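Residue numbers (the numbering used here), protein chains in the order written: chain A, 1 to 322; chain B, 1 to 365.
Don't read these hints as lab results, they were simulated from the structure. Be aware that a few hints might be false.
[Said to hold, decoys possible] Reference listing, derived: stretches of chain A covered by chain B, where coverage requires no fewer than 3 residues with Cβ under 8 Å from a Cβ of chain B: (1) 76-82; (2) 124-132; (3) 176-186; (4) 283-292.
[Claimed, not checked] Negatives, chain A to chain B, calculated, CB over 10 Å: (5) ALA62; (6) LEU106; (7) PHE113; (8) VAL198; (9) LEU204; (10) GLN229; (11) TYR280; (12) LEU315.
[Stated by the list, open to error] Sample of chain B residues lacking proximity to chain A, with all beta carbon distances greater than 12 Å (derived): (13) GLY74; (14) PRO122; (15) MET164.
Predicted model, so just to flag it, every value in this text is computed and none were measured. Positions of the beta carbon are idealized from the N, C-alpha and C atoms, including for glycine.
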Amino acid sequence: MTIGDVLASIASVTFVAGVLRVATPILLPALGGLISDLAGVINIALEGTMLAAAFTGVAVSALTQNAWAGLAGALAVSALVSLILGFAHLHLRADLILAGIAVNFLASGGTVFALYSLTGDKGTSSRLASLTMPYVHVPVLRDLPVLGPVLSGQNLLVYVAFAMVAVVWVFLYRTVAGTHLRAVGSNPDAAATAGIDVRRTRYLALVYSGLLAGLGGAHMSMGYLQLFQRDMTAGRGFIALAAVFLGGRHPVGTLLAALLFGAADALATQLGSLRIPPQYVQMIPYLVTVAALVVYGAARQRAAGRRQRAMANRLVRTEAGG
Amino acid sequence: MTVEAASPAARALDRAQILRQRRRQALSQAARTVVTVAVALAVGFAITVAVSDRPALAFRALLTGPVSSLSRVGTWIEDATTLTLLGLAIAVVFRARQFSLLAEGQLYLGALAAGIVGLHLPLPGGLHLTAGLAAAALAGFAFGLVPGALKAIYNANEIVSTLMLNVVAVRLYDLLLTYWLKPPTAGYTWSDPLLPSAILPRLAGTRINAAAALALAMVAAVWVLLYRTPWGYELRMVGANPHFARYGGIPTRRVIVLSMALSGIPAGLAGAHLVMGVHQRLILNISLGLAFEGIVVALMAGNHPLLVPVTALAYSYLRIGGDIMERTAAVGSDIVRIIQATIILLITAQLTRVRRVRRDTGDDR
Chain A
1 MTIGDVLASI
11 ASVTFVAGVL
21 RVATPILLPA
31 LGGLISDLAG
41 VINIALEGTM
51 LAAAFTGVAV
61 SALTQNAWAG
71 LAGALAVSAL
81 VSLILGFAHL
91 HLRADLILAG
101 IAVNFLASGG
111 TVFALYSLTG
121 DKGTSSRLAS
131 LTMPYVHVPV
141 LRDLPVLGPV
151 LSGQNLLVYV
161 AFAMVAVVWV
171 FLYRTVAGTH
181 LRAVGSNPDA
191 AATAGIDVRR
201 TRYLALVYSG
211 LLAGLGGAHM
221 SMGYLQLFQR
231 DMTAGRGFIA
241 LAAVFLGGRH
251 PVGTLLAALL
261 FGAADALATQ
271 LGSLRIPPQY
281 VQMIPYLVTV
291 AALVVYGAAR
301 QRAAGRRQRA
311 MANRLVRTEA
321 GG
Chain B
1 MTVEAASPAA
11 RALDRAQILR
21 QRRRQALSQA
31 ARTVVTVAVA
41 LAVGFAITVA
51 VSDRPALAFR
61 ALLTGPVSSL
71 SRVGTWIEDA
81 TTLTLLGLAI
91 AVVFRARQFS
101 LLAEGQLYLG
111 ALAAGIVGLH
121 LPLPGGLHLT
131 AGLAAAALAG
141 FAFGLVPGAL
151 KAIYNANEIV
161 STLMLNVVAV
171 RLYDLLLTYW
181 LKPPTAGYTW
191 SDPLLPSAIL
201 PRLAGTRINA
211 AAALALAMVA
221 AVWVLLYRTP
231 WGYELRMVGA
241 NPHFARYGGI
251 PTRRVIVLSM
261 ALSGIPAGLA
271 GAHLVMGVHQ
281 RLILNISLGL
291 AFEGIVVALM
301 AGNHPLLVPV
311 TALAYSYLRI
321 GGDIMERTAA
331 VGSDIVRIIQ
341 ATIILLITAQ
351 LTRVRRVRRD
361 TGDDR
């Protein structure tokens, strides 16, 4: 494969469709991370929550032969995992980061143990006849000339992920509960004084965040791949946290950051067909992120500087006028 | 009129009262710790009973395994050495309230630097060791400058940048190991053994090596730095209240950059310890998230350098006991992870409760 071939394949429809697919299991936990972060409880356990959900989805769908039951099981388990984290932090007052790390250990060990008990295999669930979520061919989108193949025919959870951006945005900025949640995050004492139950709000934020991570986990094992592998989330929970901060702690920014990760990841796969050691290629997404971080920071600083100068000018004018 | 006017006798009485209160607190803290550890172990035992057909044997392996023979004690101390160095690295940045997770990447680059010096820079005896350790410390320091500068200049979030840079460091290590340092004939992805002059000397008959003493020296060095130098004062002020520190004239940007860079010294040395002491060569996946274990160690020590070796020993005991349990009683590493997680959860819940009590009583902590 030459560089020309690679460039052509990047411009292709399958590449863009691939980006959406790869970005999904980062976007969903990232939205979850955003909610909990805005409530002032950073969720280090996104990784473990995804893993637990990915396993449960496979196990339940295989046992019941119903993909929807699998999804429901995945969501129930991710809510449970988040409640454990919330209980440890909010009731027992364990350090949130430590508790998050412990929950990740718990999920990593627990899924392998459960997998082994169920299948006798410690690596993958290939012996289980698990199901996947349906692939959706959207009637109108399908017939669009260029976008059709990109937008249609994806796994249901891919559409859910992108819809969730809007849902989370509306929740955070257009509902009372969302406003309370942000108030608790920005100043818990003031929020408590205003009569908001801080602990309850944080519990809920952790559960919402767990449910979103759980959707991401279900996509990993019931869409992105069609089985469970031990530690299959491979750090996506942490990349998701990175996406939250890179996206300026806003749903739309988080979406863009997740797409950036997805694009860089898909690009790395494409470049892998050139004769370059894979390690170079695998560095790309991460270097791109650092570069994006610098550009974003510099732009924000320039904007802040401009604001400051404008304010100074106005002050000078007012004083001259007065 | 003022407090100064209190008589010496009254002051002595106050001091006696404070001391008595402190003693009472220390006692109740000790009692709580004992109870927590007992509960954690009981939970661990319950899990073991549920999954093992020989639970007593398995649990004895976890509890007494690390001290059941001299060589196992050596393995325990060896592991605690790595965790002490990583715990110190995390404690320094967390003290400055910089959530840098770069220790993993700094460990990899430290290991790489120590490995290159140990393989390709023949020097006489002691000098070779010093060069290897210095190269590792320098690599960790230099790598720390990157996210430090990005944060100080561009206000780039350090959690994001360090998570990303970690991956870059690990890939760089893989790349150089696979395409340059690995001999073409090697069956595994690993380098030749280091030159003998670059291997840390071991204590007779055990795996304990000279890095254990180095780790203790680093504990002292970090303590002096944090509590006995103006620079350490600045760092702790930035960590306690960055706005106040800035208004007080502390150069916060310099503190940010230097805290991340300096924490690279123990982290890089942890890498050197793995290469020059533990494995005596460069191997693939030399650390699978050891820095996370370092975070656990640092947070359990309340980010206090003098407590770091204590919590590192305790945590290593659990890790090595788990290994022995896996080997002698066929209890899987997955179960060991679950037990570890449970114990971490219970112990952190307890530790933070004590710390909160102290804050309530206005005791300076």
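Against the structure, the hints:
1. 76-82: violated (count 0)
2. 124-132: violated (count 0)
3. 176-186: Per the Cβ count (0), the hint is violated.
4. 283-292: Since 5 is at least three, the answer is holds.
5. ALA62: holds, 20 Å
6. LEU106: Per Cβ check, LEU106 (chain A) is inside 10 Å of chain B; nearest 4 Å; violated.
7. PHE113: Given a closest Cβ separation of 4 Å, the condition is violated.
8. VAL198: holds, 16 Å
9. LEU204: The assertion about LEU204 (chain A) holds, with a minimum of 21 Å to chain B.
10. GLN229: holds, 14 Å
11. TYR280: violated, 7 Å
12. LEU315: holds, 22 Å
13. GLY74: holds, 26 Å
14. PRO122: Correct as stated: the minimum Cβ-Cβ distance to chain A is 28 Å, above 12 Å.
15. MET164: MET164 (chain B) not clear of chain A: closest Cβ-Cβ about 4 Å, inside 12 Å.
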